[in-house]
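Asker: Heads up: the sequence lines are chains A and B, in that order.
Using the numbering used here, read the first sequence as starting at 1 and increasing by one per residue.
Using the numbering used here, read the second sequence as starting at 101 and increasing by one per residue.
Worth flagging that the hints you see were computed from the coordinates, not collected in a lab.
A hint or two may mislead.
Unchecked claim - Once the Cα atoms are required to be at most 27 Å apart in a straight line, the calculated BS3-like pairs of lysine-lysine come out as:
#	chain 1	residue 1	chain 2	residue 2
1	B	K160	A	K84
2	B	K185	A	K25
3	B	K185	A	K28
4	A	K83	B	K180
5	B	K183	A	K84
6	A	K60	B	K160
7	A	K25	A	K80
8	B	K128	B	K183
9	B	K128	A	K83
10	A	K25	B	K160
11	A	K82	B	K180
12	A	K83	B	K183
13	B	K128	A	K82
14	A	K80	B	K183
15	A	K80	B	K184
16	A	K28	B	K160
17	B	K160	A	K83
18	A	K25	B	K183
19	B	K180	A	K80
20	B	K125	A	K82
Stated by the list, open to error - According to the in silico footprint, chain A covers these stretches of chain B (three or more CB under 8 Å from chain A):
#	region
21	101 to 111
22	121 to 129
23	133 to 146
24	152 to 164
Stated by the list, open to error - Part of the chain B face toward chain A, derived, beta carbon under 8 Å:
#	residue
25	L117
26	S118
27	T175
In this text, all values refer to a predicted model and were calculated from it rather than measured experimentally.
A virtual CB, placed ideally from N, CA and C, is assigned to each residue, including glycine.
2 protein chains.
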Amino acid sequence: MSIAEVTGFVAATLTTLSFYPQAYKIIKTRDTESISLVMYSIINVGLILWFAYGLMVGDKPIIFANAFTLIASLTILFLKIKKKK
Amino acid sequence: MSIAEVTGFVAATLTTLSFYPQAYKIIKTRDTESISLVMYSIINVGLILWFAYGLMVGDKPIIFANAFTLIASLTILFLKIKKKK
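Turn these sequences into a full structure, and let the hints guide you.
Answerer: And the structure:
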């Protein structure tokens with residue numbers, strides 16, 4: 001693997017994993033006050049489109065990375081909406 | 101542009117823009133309580149690596165999308181750290 005490939009792989013791994021600590025913090029504290037509903041509405045649509053893009057071009061890393069991210073980001077959106085009711 | 105290209109372009113635009121409503125909400129409310137410091141530490145390192153990857157492979161969309169996202173995500177991280185002091 002070239003330096004560029006290693007950089008891209010680590011970048012993708014970090015950005016994919018990063019939503020999990022936020023989902024964990026909300027599950028633990030039940031506090032979603034400062035979380036932006038607009039951010040998580042937009043980013044989830046974007047991640048679903050990335051997932052669809054991955055399926056269209058048959059790119060497995062894009063499919064799996066975005067599916068994995070969606071689990072956490074949809075959880076955050078769901079908990080934010082649930083708290084707003 | 102093919103349907104796949106349009107899907108990828110819209111996905112990239114949405115995921116790039118999505119951090120701005122969160123940064124705006126924090127600037128307006130000064131509340132960062134439910135924001136995860138771990139998330140924004142990890143995601144900023146990931147976005148910096150994506151930016152570096154874009155420079156290495158000479159991919160302008162990756163360079164500009166991640167630079168634009170970093171402005172908002174670094175703002176969120178800075179405000180979270182500032183509030184913790």
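Asker: Please go over all the hints and tell whether each is borne out by the structure.
Answerer: Against the structure, the hints come out as follows:
For the proposed pair K160(B) and K84(A), the alpha carbon gap of about 39 Å is over 27 Å, so the pair is violated. Restraint check: the Cα-Cα separation between K185(B) and K25(A) comes to about 19 Å, which is no more than 27 Å; the hinted pair holds. Simply put, K185(B) and K28(A) have alpha-carbon atoms about 22 Å apart, close enough for the 27 Å limit, and the pair holds. Distance restraint check for K83(A) and K180(B): the Cα-Cα separation of roughly 22 Å lies within the 27 Å cut-off, and the hinted pair is therefore satisfied.
Simply put, K183(B) and K84(A) have alpha-carbon atoms about 24 Å apart, close enough for the 27 Å limit, and the pair holds. With a C-alpha separation of about 23 Å, the suggested pair K60(A) and K160(B) falls inside the 27 Å cut-off, and the hint holds. At roughly 12 Å between alpha-carbon atoms, K25(A) and K80(A) fall within 27 Å of each other, so this suggested pair holds. Taken as a hint, the K128(B) and K183(B) pair is honoured in the structure, with Cα atoms around 14 Å apart against an allowance of 27 Å.
Of the supplied pair hints, the one linking K128(B) and K83(A) holds, its CA atoms being roughly 20 Å apart against a limit of 27 Å. Restraint check for K25(A) and K160(B): not satisfied, since their Cα atoms lie roughly 35 Å apart, outside the 27 Å limit. Between K82(A) and K180(B), the direct Cα distance comes to roughly 24 Å. Compliance with the 27 Å bound is thereby established for this hinted pair. For the hint pairing K83(A) with K183(B), the CA-to-CA distance comes to about 24 Å; that is within 27 Å, so the pair holds.
Of the pairs offered as hints, the one joining K128(B) and K82(A) holds, with about 23 Å between alpha carbons and a cut-off of 27 Å not exceeded. Restraint check: the Cα-Cα separation between K80(A) and K183(B) comes to about 22 Å, which is no more than 27 Å; the hinted pair holds. The hinted pair formed by K80(A) and K184(B) meets the criterion: a straight-line CA distance of about 23 Å does not exceed 27 Å. With a C-alpha separation of about 40 Å, the suggested pair K28(A) and K160(B) falls outside the 27 Å cut-off, and the hint is violated.
With a C-alpha separation of about 40 Å, the suggested pairing of K160(B) with K83(A) is violated against the 27 Å cut-off. This hinted pair checks out: K25(A) and K183(B) have alpha carbons roughly 17 Å apart, not beyond 27 Å. Proposed proximity of K180(B) and K80(A) is supported: the alpha carbons are some 19 Å apart, at most 27 Å. Distance hint between K125(B) and K82(A) is fulfilled; the C-alpha atoms sit about 19 Å from each other, no more than 27 Å.
Figure legend: the region 101 to 111 of chain B, annotated as covered by chain A; annotation consistent (6 residues with Cβ-Cβ distances under 8 Å, at least 3 required). Given a C-beta distance limit of less than 8 Å, the hint that chain A covers the region 121 to 129 of chain B holds, as 6 residues qualify and 3 suffice. Remark: the region 133 to 146 of chain B is confirmed as covered by chain A, as 11 of its residues place a Cβ nearer than 8 Å to a Cβ of that chain, reaching the required three. Coverage of the region 152 to 164 of chain B by chain A holds in this model, with 4 residues showing a Cβ closer than 8 Å to a Cβ of that chain against a need of three.
The interface hint given for L117(B) is met, as the beta carbon of that residue sits about 6 Å from the closest beta carbon of chain A, less than 8 Å. With a least beta-carbon distance of about 4 Å to chain A, the hint placing S118(B) at the interface is held under the 8 Å criterion. The criterion of a C-beta within 8 Å of any C-beta in chain A is not met by T175(B), whose closest approach is roughly 13 Å, and the hint is violated.
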